[in-house]
Every structure is written in structure tokens, then in C-alpha cells.
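Undergrad: One-letter residues, chain by chain:
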Amino acid sequence: DSGVTQTPKHLITATGQRVTLRCSPRSGDLSVYWYQQSLDQGLQFLIQYYNGEERAKGNILERFSAQQFPDLHSELNLSSLELGDSALYFCASSLGGRGMDTQYFGPGTRLTVL
Amino acid sequence: AQSVAQPEDQVNVAEGNPLTVKCTYSVSGNPYLFWYVQYPNRGLQVLLKYITGDNLVKGSYGFEAEFNKSQTSFHLKKPSALVSDSALYFCAVRDIGGATNKLIFGTGTLLAVQP
Numbered sequence: 208d209s210g211v212t213q214t215p216k217h218l219i220t221a222t223g224q225r226v227t228l229r230c231s232p233r234s235g236d237l238s239v240y241w242y243q244q245s246l247d248q249g250l251q252f253l254i255q256y257y258n259g260e261e262r263a264k265g266n267i268l269e270r271f272s273a274q275q276f277p278d279l280h281s282e283l284n285l286s287s288l289e290l291g292d293s294a295l296y297f298c299a300s301s302l303g304g305r306g307m308d309t310q311y312f313g314p315g316t317r318l319t320v321l
Numbered sequence: 000a001q002s003v004a005q006p007e008d009q010v011n012v013a014e015g016n017p018l019t020v021k022c023t024y025s026v027s028g029n030p031y032l033f034w035y036v037q038y039p040n041r042g043l044q045v046l047l048k049y050i051t052g053d054n055l056v057k058g059s060y061g062f063e064a065e066f067n068k069s070q071t072s073f074h075l076k077k078p079s080a081l082v083s084d085s086a087l088y089f090c091a092v093r094d095i096g097g098a099t100n101k102l103i104f105g106t107g108t109l110l111a112v113q114p
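Line order of the protein sequences matches chains B and V.
Going by my numbering, the first residue of the first sequence is number 208, and it counts up by one from there.
Going by my numbering, the first residue of the second sequence is number 0, and it counts up by one from there.
These aren't lab readings, by the way, just hints derived from the structure by calculation.
Ideal placement from N, C-alpha and C gives every residue a C-beta, glycine not left out.
Any given hint might turn out to be false.
[Said to hold, decoys possible] With beta-carbon atoms standing in for the labels, derived distance ranges:
no.: 1; chain 1: B; residue 1: T222; chain 2: V; residue 2: R41; range: 25 to 31 Å
no.: 2; chain 1: B; residue 1: Q274; chain 2: V; residue 2: A111; range: 24 to 30 Å
no.: 3; chain 1: B; residue 1: N258; chain 2: V; residue 2: N29; range: 32 to 38 Å
no.: 4; chain 1: V; residue 1: A13; chain 2: B; residue 2: S245; range: 39 to 45 Å
no.: 5; chain 1: V; residue 1: A13; chain 2: B; residue 2: H280; range: 44 to 50 Å
no.: 6; chain 1: B; residue 1: T222; chain 2: V; residue 2: L55; range: 46 to 52 Å
[Claimed, not checked] Here are the computed lysine-lysine pairs in the DSSO-like style, where the Cα-Cα straight-line distance is at most 30 Å:
no.: 7; chain 1: V; residue 1: K57; chain 2: V; residue 2: K68
no.: 8; chain 1: V; residue 1: K48; chain 2: B; residue 2: K216
no.: 9; chain 1: V; residue 1: K48; chain 2: V; residue 2: K21
no.: 10; chain 1: V; residue 1: K21; chain 2: B; residue 2: K264
no.: 11; chain 1: B; residue 1: K264; chain 2: B; residue 2: K216
no.: 12; chain 1: V; residue 1: K68; chain 2: V; residue 2: K48
no.: 13; chain 1: V; residue 1: K68; chain 2: B; residue 2: K216
no.: 14; chain 1: V; residue 1: K68; chain 2: V; residue 2: K21
no.: 15; chain 1: V; residue 1: K48; chain 2: V; residue 2: K76
no.: 16; chain 1: B; residue 1: K264; chain 2: V; residue 2: K76
no.: 17; chain 1: V; residue 1: K21; chain 2: V; residue 2: K76
no.: 18; chain 1: V; residue 1: K57; chain 2: V; residue 2: K76
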């Protein structure tokens, strides 16, 4: 157990809908990252937050957004969902925002868009 | 641009035999390198990481990896494979000089250890 928690574990929804994925980092970690894992794209970095502020953006669609709250938990919002958004979404956390810190991954949320 | 290559989609090895999972990387500066393992329906667990210093890095569950700067490689090894080592293995790199902490992952190598 990495100490990173993600809810829900599974999510099934329809095209055009909006969902929110939640992540709680390890105790003491200030940085949160979101990754998408799909069969065709592999593991792709989406976005990073550090102590409440956006630090870096990766291959994140405009339909997707995220935030990190004062208690350091983070939410990833996915809207106008398409079939191709079906994937495993991971949250990871690290102590700091740069450098050699190890990223610890949560168990993931499996999103299925029908 | 940073990139990681894992040339083998799958590696098959008999239990008790040594195993190697290959990884090469490309970064503009010096790298931080990681190996993660993913078991079915589970998240990624870090096995080991190379930051600096000794080129041979020892990690969890008896795994080790050797950093080779001239060949830009970071192959994962274990002297004696176990059936329980069967999983998906990812190599990842972070550019030390990069502005972010994001990891670039390889495509993954499925390790199958036969009893």
C-alpha cells in the first residue's frame, strides 16, 4: 500500500457526461500528479500540482481539468466524455515538486465510457 | 525531448533463471531513472531508482539495475526469477534539468515467469 488513495475504484458512465475522480496523497506529500493509462497511449502524464498550485501540464485535454485543495487532496474533472476517454487514471504524490523525489502511485480509477 | 524505450513487449523466463528487462533512455541532461512494477488491477509500485552515485542500484524484491551512461541504458535484472515476479514492468525517466517533476514512461514489458 503506497498511502495514496483514489476514489472511486471503478466508474461507468455514458458519452457526454461529466465525472470527478478524487485523490488523497500520502501524508506529508505536497505534490500530486495525474496520469492516464490506456492501451493505445500507454502511461501519459496529465497534470501536476504542488501545494495547491498548478506546476506542469502534459497531454491533458481541454475537456479535462484538475485542482488541488488546501488539504492537499486533488480532483480530476472529466467532461463531455468520449469513448476514447475510457482508461485507467492514476494519481501519484511526492514529497516535493521537483528533483529526486519518488512518485508513489495510487491504485487507480478505471473509467469506462459507454 | 525526453524518451524511454523498452524494446521487448514480453520477456519469458523459467523460474530460477536470471532475468533482464531492457530500458534505454534519451534526455538532454542527466537523468533520474526509475523502475516501477504493476500487478494486475493494481497501481504502480516503485522498485528502485537511480539518482547519482553507484551505477549499480539495488531495489525491492531482489531486483537491481545498472546505469550505463555511455549506452544510455538502465536494464533491470534479477539473479533468480520467481513466478510471483510475473507482472508488467515500466522504466521511467525524469530530466534533472527539466522544469517539472513529470515522469516519462516506457511502453512497459510484460514479464512471464514459468514454473
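Undergrad: Look at each hint and say if it fits the structure.
TA: So, going through the hints one by one against the coordinates:
1. B:T222 - V:R41: 25 to 31 Å: Hint holds: Cβ distance 28 Å, inside 25 to 31 Å.
2. B:Q274 - V:A111: 24 to 30 Å: Check failed, 41 Å falls outside 24 to 30 Å.
3. B:N258 - V:N29: 32 to 38 Å: Violated, at about 26 Å.
4. V:A13 - B:S245: 39 to 45 Å: Check failed, 32 Å falls outside 39 to 45 Å.
5. V:A13 - B:H280: 44 to 50 Å: Holds: the Cβ-Cβ distance is about 45 Å, inside 44 to 50 Å.
6. B:T222 - V:L55: 46 to 52 Å: holds, 50 Å
7. V:K57 - V:K68: holds, 17 Å
8. V:K48 - B:K216: Distance of about 28 Å is within 30 Å: holds.
9. V:K48 - V:K21: Holds - the C-alpha atoms of V:K21 and V:K48 are around 15 Å apart, at most 30 Å.
10. V:K21 - B:K264: Judged against 30 Å, a Cα distance of about 29 Å means the pair holds.
11. B:K264 - B:K216: Roughly 24 Å between the alpha carbons, so the hint for B:K264 and B:K216 holds.
12. V:K68 - V:K48: holds, 15 Å
13. V:K68 - B:K216: Given pair V:K68, B:K216 is violated - Cα atoms ~40 Å apart, limit 30 Å.
14. V:K68 - V:K21: holds, 14 Å
15. V:K48 - V:K76: holds, 13 Å
16. B:K264 - V:K76: Violated, because 33 Å separates the two Cα atoms, which is more than 30 Å.
17. V:K21 - V:K76: holds, 9 Å
18. V:K57 - V:K76: Holds - the C-alpha atoms of V:K76 and V:K57 are around 10 Å apart, at most 30 Å.
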